[in-house]
Amino acid sequence: MANTTYEKRIRPGVIAVRALIYTVTAAVVALVVAIIAFLIVKGLPYINWEFLSKAPSRLDETYGIAPMIINTLYIVLLSLIVSIPLGIGTALYLAEYSKPGKVISAIRFAIEILAGIPSIVYGLFGLAFFINALKAGSSGGSMIAGALTCTLIVLPTMIRTTEEALLQVNPSYREAAFSLGASKLHIIRTVLLPCALPGIVVAIILSIGRIVSESAALLYTAGVDYTMPANLVKHVAEPGAGLTVQLYLYATEGGSPDWVPYAMAAVLMILVFIINLSANIIAGLFKKKVSIN
Amino acid sequence: MKTQKVYLYNSIFKAIVFFFALVTVLSVILIGVFMIVNGGPSIAKVGLKDFLLGKVWNSANEPPQYGILAFIVSSFYSTFFTVLIAVPISILVALAIGQLMPKGLGTVIRAIISLLAGIPSVIYGFLGIIFIVPLVQKVFNLSSGLTMFSSVIVLIVMTLPTIISVSETSINAVDKGYMDAAFALGVRKEYALFTIVLPAAKSGIMAAVLLGVGRAIGETMAVMMVAGNIPQMPSMLKPVRFLTTAIVTEMSYATEQTRGVLIGIGLVLFVFIFIINSIFHFFIKKAGAVNG
Chain A
1 MANTTYEKRI
11 RPGVIAVRAL
21 IYTVTAAVVA
31 LVVAIIAFLI
41 VKGLPYINWE
51 FLSKAPSRLD
61 ETYGIAPMII
71 NTLYIVLLSL
81 IVSIPLGIGT
91 ALYLAEYSKP
101 GKVISAIRFA
111 IEILAGIPSI
121 VYGLFGLAFF
131 INALKAGSSG
141 GSMIAGALTC
151 TLIVLPTMIR
161 TTEEALLQVN
171 PSYREAAFSL
181 GASKLHIIRT
191 VLLPCALPGI
201 VVAIILSIGR
211 IVSESAALLY
221 TAGVDYTMPA
231 NLVKHVAEPG
241 AGLTVQLYLY
251 ATEGGSPDWV
261 PYAMAAVLMI
271 LVFIINLSAN
281 IIAGLFKKKV
291 SIN
Chain B
1 MKTQKVYLYN
11 SIFKAIVFFF
21 ALVTVLSVIL
31 IGVFMIVNGG
41 PSIAKVGLKD
51 FLLGKVWNSA
61 NEPPQYGILA
71 FIVSSFYSTF
81 FTVLIAVPIS
91 ILVALAIGQL
101 MPKGLGTVIR
111 AIISLLAGIP
121 SVIYGFLGII
131 FIVPLVQKVF
141 NLSSGLTMFS
151 SVIVLIVMTL
161 PTIISVSETS
171 INAVDKGYMD
181 AAFALGVRKE
191 YALFTIVLPA
201 AKSGIMAAVL
211 LGVGRAIGET
221 MAVMMVAGNI
231 PQMPSMLKPV
241 RFLTTAIVTE
251 MSYATEQTRG
261 VLIGIGLVLF
271 VFIFIINSIF
281 HFFIKKAGAV
291 NG
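The listed protein sequences derive, respectively, from chains A and B.
Note that UniProt numbering has the first sequence beginning at 1, numbered continuously upward.
Note that UniProt numbering has the second sequence beginning at 1, numbered continuously upward.
Bound-form chain B, shown alone (with noise of 0.2 Å):
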């Protein structure tokens, strides 16, 4: 009996964790539903092509104009721009903490940099707002550094923590064996980080990138607060509004209509994550196969 009675609570609990995990998965098949069901239409009825491809966003025109060419484009560039000079700088602090430097040294400045991924966006708005728009502004002699050039700058410092910790951890498990295998043909250890370790590591390190990548194209009220947020096509230094900006520009008066619209945004941001999301599982896979 009492067996029984245990055996019947083993079986009750497994059931209800199994539901738990589950909770996971309908949680993202219903966001993706969901999206696709109140996005999906006004996609349609704008058209596929005049949506995606549309130079001209004008939400209050009458009729109306959604294009978000312009904020794809935007994203695009900026996150290019962001992980072209997060990544160098992410490699050499990695290859510092993790390599060249004392361990309890390299803890340190572990702890430090990540407090970097603690602080809020909104503060890194903030501080983009007092610091860099007013430099911006004057540096470039502009009329307002509300522009690209400015949350480039602010998703740099936003990216850096997360590209360093994992190349860190890619750079750290490289075997090393290679390393001692170079010492002793007499190499240099750093000559032997750029040519043996860095190109070993160099699946864990796309993996970081694309997680770059993520973040700064997911990016919304830090960018919101120093981009300008105007809908045309990106220049360095002009004011831009992005795919996270565009939602949340618009949502608090949008009509109906546009509601659907700024939807079918979000829904075009989900897909880029979803490709990001395989592309990254693929080079984590690859990376793993190298160092396991």
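If we strip away everything but chain A, and leave its shape as in the complex, we get (with noise of 0.2 Å):
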């Protein structure tokens, strides 16, 4: 039959095109997966309660990370603040107050910028501009000058992320309420956000993951200092590594036993994936309430 011949003809490409295929992708899985379980189990063993609750000292030899996970948090906490009105105000503005036109080409173009520039570029203009020009904080860096550099890399994340979740929103909610005689202001508090706050609930949590895993913005305007801090509130103004900056100079730098970076990078790859499996829940959830609706 001719259908057979014409199977025959073929068949060896489309195996072999198959083949490649599901091998290049197996390889990449694979390759993942080794990655991060090659970090938890060569890091776990020494993760106890003194590594995470100590800070380092040469006196008595003790290697904890403390400061860091403060250093890290501090600077998450300082940026949320303030990149949460901002992201969550621009969205708003985005999705329900803009007209098209220039401004607002200005502002998409704005937010392609700014997510598509280098972190050491923020770093850069972090250093110069807060630290050196407003003086935030201690010439060697601040938790501030770190928090506000962070502010500006999280914001395109927040923006797009928040204003993908109004968008979802559906319509004939709005519509309603608008029938109804409600303002505008009046729809975004009771009927918007609260519809979209899984969305936003999963932008906040990428800022997160994004704030955790920097490390070139950090480097010099958040400093490096691994000391635990004395008084929380006068932090805000004095130096200090988070978790990415600290292993950078472990690994390169040395100043700690083997397998302290190894510790380390097993408490960045549990922190990474469970900032990422909350986010993956909760979008999943958040898209089934939408399709429900």
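Just so you know, these hints were derived from the structure itself, not from any lab.
Positions of the beta carbon are idealized from the N, C-alpha and C atoms, including for glycine.
Heads up, some of the hints might be wrong.
What the simulated footprint calls covered on chain A by chain B, stretch by stretch (three residues with Cβ under 8 Å from a Cβ of chain B suffice, anywhere in the stretch; the number is not a length) [unchecked claim]: (1) 14-20; (2) 75-81; (3) 114-121; (4) 172-183.
Far from chain A by the CB rule (all over 10 Å, computed), these chain B residues [unchecked claim]: (5) Val25; (6) Val139; (7) Phe282.
Got two chains here, separate frames each, mind docking them using the hints?
Next comes the structure, spelled out in structure tokens:
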């Protein structure tokens, strides 16, 4: 039959193409799994309460990471305080108030550019602007300078994700509220924001992930210091290395036993994993909820 | 009275969110102006030609030499090879996830690969130090494995998730009618993917490539840890210094003059990213026109 000769002629090529595609995909997946498994297996045994709760001390020969955890959290929180209102406000403007025109194109282009600027350029700008020009904190870096630099970095993520969530809210909700005579502000407060809340939470979680893994922008804005902050309020103007920056220093300059970078990498991987997973789960639930609507 | 108050609140709120939205524009302008004001005079002092085309960088010399040609060429060299290898891999993976695999399996693999995007740069650098650098040293019998080659390997892994996810989106956005028409003519799926779907998704894939280029040029800490960091013209098995790592290396101990030049390097990076973004926009628009 004509059909069988056709099949015979084409099949080897088809199999080869499929084999190639699947082999490459399997290799990439294996690589990801290997990276994660390696870091967790190598680092996990060293993670204990002492490691998480103590500061590194040459005298006591302890290598805790408590100050780095505090610094990372400090920068995350401080940066969120600024970036959440800014990001959600901008998203509301883009989704609810803006009319197509030059201003809107400028804003969208600016978001695009902000998203593309490399971390190190932000770091450079943060050092020159926040620390040298505005004198925000000590000249060796400060939590506030690091946090403000991170704010610029996460703004695009925050705005885009929130805007997407706002646009997914069923338009009939908005229309129903309008027809009842509700004002725009009232609708935003009582209908849009509550409905888009899971999407906004995802935006915040993704931003946290970005800040936790940031290093180049923080090296010269938040500075390097691994001592335990004495006063959390005054710490805003003091330098301090987060987990990533300290891992970089240990990995390149030494100053710690070999196991310390492994343990820090494992802590970071677990953090990133939790952040990713929770963002995925909430986004998944949100999609389901919206599609039911 | 009440209506007036509501109207007032609404206007105030609108003004506030408008101001917030303007912050993004102001930030970009501020960053641009600041870099030009701080970096411009230093570049002018060195001379634009000597700055961009000068082959020697030695900030400790008297007088210091600030030629960044080696950094520019190194950045493009590494980016070129990164993209050259990462793009074909990404397209194959994108085809597998979006077109060939059952939906459930595709979703799982997509989620696994997206984990790569969340891993901090310093961890990639750390893994590079542990695995790639010693391996490169052994395989090529070098005195040190801190080379351009090691950075390219790290960059390939780092750009994969970005290029995969954007090209998958554009591949999946191709009109299903094309495939149906091909099937009706008796064309095999595998054949149709390469001859019909990929060409139709061309603009979106170009956008993915540009995004990968942006990531590779801008990556700092990971390559800082594996590139060896010596300012010289690039070669695969030699230590190199990139635009990004040049800034990190000398920032902490830079003199006033050197600091200005480093900001000048940041300005060069900023301009490159601006150009890449503009081209990216062009392709996104084109992709939208094709698929929409």
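Hint by hint, here is what the structure shows:
Residues of the stretch 14-20 of chain A lying with their CB closer than 8 Å to a CB of chain B number 4, which satisfies the three-residue condition for coverage. Coverage of the stretch 75-81 of chain A by chain B is violated in this model, with 0 residues showing a Cβ closer than 8 Å to a Cβ of that chain against a need of three. A count of 7 residues in the stretch 114-121 of chain A with a Cβ less than 8 Å from any Cβ of chain B is obtained; the coverage claim is therefore met, three being the minimum. Coverage of the stretch 172-183 of chain A by chain B is violated. Counting CB-CB distances below 8 Å, 1 residues qualify, and the rule asks for three or more.
The non-interface label for Val25/B is inconsistent with chain A: the shortest C-beta to C-beta separation is roughly 4 Å, within 10 Å. With a least beta-carbon separation of about 18 Å from chain A, Val139/B lies farther than 10 Å from that chain, consistent with its non-interface assignment. The claim that Phe282/B is not at the interface with chain A holds, since no C-beta of that chain comes within 10 Å of its own (minimum 12 Å).
Violated hints for the displayed structure, listed by number in ascending order: 2, 4 and 5.
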